[in-house]
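Put chain A on the given structure of chain X with help from the hints.
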Amino acid sequence: MQHLQLILTYLRHNLMSAMAYRGAFFLQIVGMILNNAMFLFFWWVLFSRIPVIRGWDLSQVLLLFAVVATGFGIANAVFGNALRLARIIATGQLDYYLSLPADPLLHVLVSRMSLSAWGDIVFGVSLFLLASGLAVVKLPLFFFLGLASAMVYVAFAVLVGSLAFWIGNAEHLANQVLISLITLAIYPVDVFPSAVRLLLYTLIPAAFVGAIPAGILTGFSWSQVLLLLIVVPLMVLGARLVFNLGLRRYSSGNLIVTRG
Amino acid sequence: MAIFMAVFMALWSTAFKTSGSDVISGFSFRMMIWYLIMTETVVLSTSRIFLDISESVKSGELAYSLVRPISYPILQVMQSLGNSLPRFLTNLITGVAVVWPILGAVAGSFEGLCAFLVLAFLGLLLDALIALLIGLTAFWIEDVTPVSWIYQKLLFTVGGMFVPLDLFPAWLRSIVDYLPFRLIVYAPAKMFVAFSLGSFCAALLQVCIYVVVFSVVLLAVWQAAKRRMVIQGG
Numbered sequence: 001m002q003h004l005q006l007i008l009t010y011l012r013h014n015l016m017s018a019m020a021y022r023g024a025f026f027l028q029i030v031g032m033i034l035n036n037a038m039f040l041f042f043w044w045v046l047f048s049r050i051p052v053i054r055g056w057d058l059s060q061v062l063l064l065f066a067v068v069a070t071g072f073g074i075a076n077a078v079f080g081n082a083l084r085l086a087r088i089i090a091t092g093q094l095d096y097y098l099s100l101p102a103d104p105l106l107h108v109l110v111s112r113m114s115l116s117a118w119g120d121i122v123f124g125v126s127l128f129l130l131a132s133g134l135a136v137v138k139l140p141l142f143f144f145l146g147l148a149s150a151m152v153y154v155a156f157a158v159l160v161g162s163l164a165f166w167i168g169n170a171e172h173l174a175n176q177v178l179i180s181l182i183t184l185a186i187y188p189v190d191v192f193p194s195a196v197r198l199l200l201y202t203l204i205p206a207a208f209v210g211a212i213p214a215g216i217l218t219g220f221s222w223s224q225v226l227l228l229l230i231v232v233p234l235m236v237l238g239a240r241l242v243f244n245l246g247l248r249r250y251s252s253g254n255l256i257v258t259r260g
Numbered sequence: 001m002a003i004f005m006a007v008f009m010a011l012w013s014t015a016f017k018t019s020g021s022d023v024i025s026g027f028s029f030r031m032m033i034w035y036l037i038m039t040e041t042v043v044l045s046t047s048r049i050f051l052d053i054s055e056s057v058k059s060g061e062l063a064y065s066l067v068r069p070i071s072y073p074i075l076q077v078m079q080s081l082g083n084s085l086p087r088f089l090t091n092l093i094t095g096v097a098v099v100w101p102i103l104g105a106v107a108g109s110f111e112g113l114c115a116f117l118v119l120a121f122l123g124l125l126l127d128a129l130i131a132l133l134i135g136l137t138a139f140w141i142e143d144v145t146p147v148s149w150i151y152q153k154l155l156f157t158v159g160g161m162f163v164p165l166d167l168f169p170a171w172l173r174s175i176v177d178y179l180p181f182r183l184i185v186y187a188p189a190k191m192f193v194a195f196s197l198g199s200f201c202a203a204l205l206q207v208c209i210y211v212v213v214f215s216v217v218l219l220a221v222w223q224a225a226k227r228r229m230v231i232q233g234g
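Protein sequence lines correspond, in order, to chains X and A.
Residues in the first sequence are numbered consecutively from 1, following this note's numbering.
Residues in the second sequence are numbered consecutively from 1, following this note's numbering.
I should point out that these hints are in silico values taken from the structure, not numbers from a laboratory.
Note that the coordinates shown come from a computational prediction; the quantities given were computed from them, not determined experimentally.
For glycine and all other residues, C-beta sits at the position ideal for the given N, C-alpha and C.
Honestly, I wouldn't trust all of these hints.
[What the hints assert, rightly or not] Chain X is faced by these chain A residues, among others (derived, beta-carbon under 7 Å):
no.	residue
1	I3
2	L11
3	A15
4	F162
Isolated chain A, as found in the complex:
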């Protein structure tokens, strides 16, 4: 994280000086760096369960969990969150500790922090659902790593990890605003540096809708996966 922040601080400081203005698309230098810390914190805390799930699918170990009283998808989502949240806290503290002494001030507000925490939690929940879906595709395709790479890279790009979506060209913005990725990365970070109650409520509603949608899809895929497992294993 340290190298990443050092490189991007140098890059953005140069970019701001070159552009000649203190603000680019509504972001000041300080806001930009704090935005990056927040996106880094979330992205570094995203779920890694797709690998475990695909391994247990390939080894057949998944069959044993069918006997357990708790539903497998719920178990995996909870496990993923249980892994993500401590990492989230550690990353947040590390990131703040690296950047605050250098920048001297926080480009955020208390409401922004609360909004950030709420949206980040829901974002990580959404991410866990997606990761579980990716893991379950192991039932159909052997190696899930390319799918997980693509998802990760989509988070980096249209999720707004490196660059806030405010800098995107308008035509791209209109597409990206409907995709779930920005809710995981961009939305929480933006709320921290530029809190607005209207945007917060809109983002909250959107992420809840996506959580419901993905949960439904997940249950359907899980049913299909179980059927496939029975056919092959017996």
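So that you can see chain X by itself, here it is in the shape it has in the complex:
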């Protein structure tokens, strides 16, 4: 309950701070929407030549992209520091959070909000409505799946970011792995050879970010929902465990951090 309050308070605070420079905020949103829209162009051209690829057609790929974009957007809007965890740890900026009563991991994650992430959310929701034929009744399910996708992304980001506790300068590695996760998530998982597909269900959980939630949208199945409900909390707990293990090894950076 306390955790939820922390998240909501920071969300409100970050939004207010973003709205102080309204023009720049909206420009970021519009820019990101255009950015994402251009990617759809590629799929449109490809599917106009080859209507179905390994059981995937254009509307399914659009739904996949909608879920991943929304999940990525929610992850970066609410937990904006997820991508920067390795750098925060390595530069000793963690000290500020350790000296406060709130849970350090959660506090670090919610302290920042990515403005362009809202563009991803708007884009994702709009794309979902377009690709599903304005299936407004499915919106709650879509948000649930977007949230699940976001949690997988954040958990994975915390996991790779925590590597900084052991190897110090893990920022570049963490960035590359996270970019790979999203890159692999937005392509239909069935085009990959089976060895790669195994990877996407395990070490780099791109399937849980994209394919499985999208699959539930196109063809609802309780077993898939159950799979998500089991795997996602496990990932979140696992990430927290790794972070806490790393925290035990952490010694202060002696950096004086002031926060406005």
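Frame of chain X, contents of chain A only:
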């Protein structure tokens, strides 16, 4: 680059198998992958000066370069090329090293390679001019990043980075053929995998015309920018 190539090789191999034919719009699988390597090489080498220019505009540092004997736009274009060309070579070597062992053969010719190098150089010159123009818009709009995003995305889409323009629907093709973006990305790469003297000369002529046009526009914008700078700074 490696992840991108891996994903697209898997994607195109599946696409070709699904379509049931060895050739899609005149491209074989091998040609498609080599085309992608070439477009990636060019796109990864495009200019990044718009950020430096917009920073120096906002900080006022640009004023100091007015005193120098060399013209600012020419300096920036040369600087951009000086940055692009080494990256181009590195990207080309990396890309070839990744793909050649996997594919086993090169879907290109020696003339194609020469044509590719000439057109890529001119394409990067055109790109530098456009990047400089984008950077100079900082005089009018504070943040140039949305403009640069849009330009970059136009290069990706109608420039033909992911998909050769031959696959575009005919109506789109007729519009896109007149835009400069395809000359930076599609034209050099296509020349490598499918060289044709006629197309090469046509592309060469077009890119030269665009270079001249953009240079003229750039000079005009630079004059307007200088006037604006004097009014504000003094």
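Now the hints, each set against the structure:
no., hint, result
1, I3, "5 Å, holds"
2, L11, "5 Å, holds"
3, A15, "5 Å, holds"
4, F162, "4 Å, holds"
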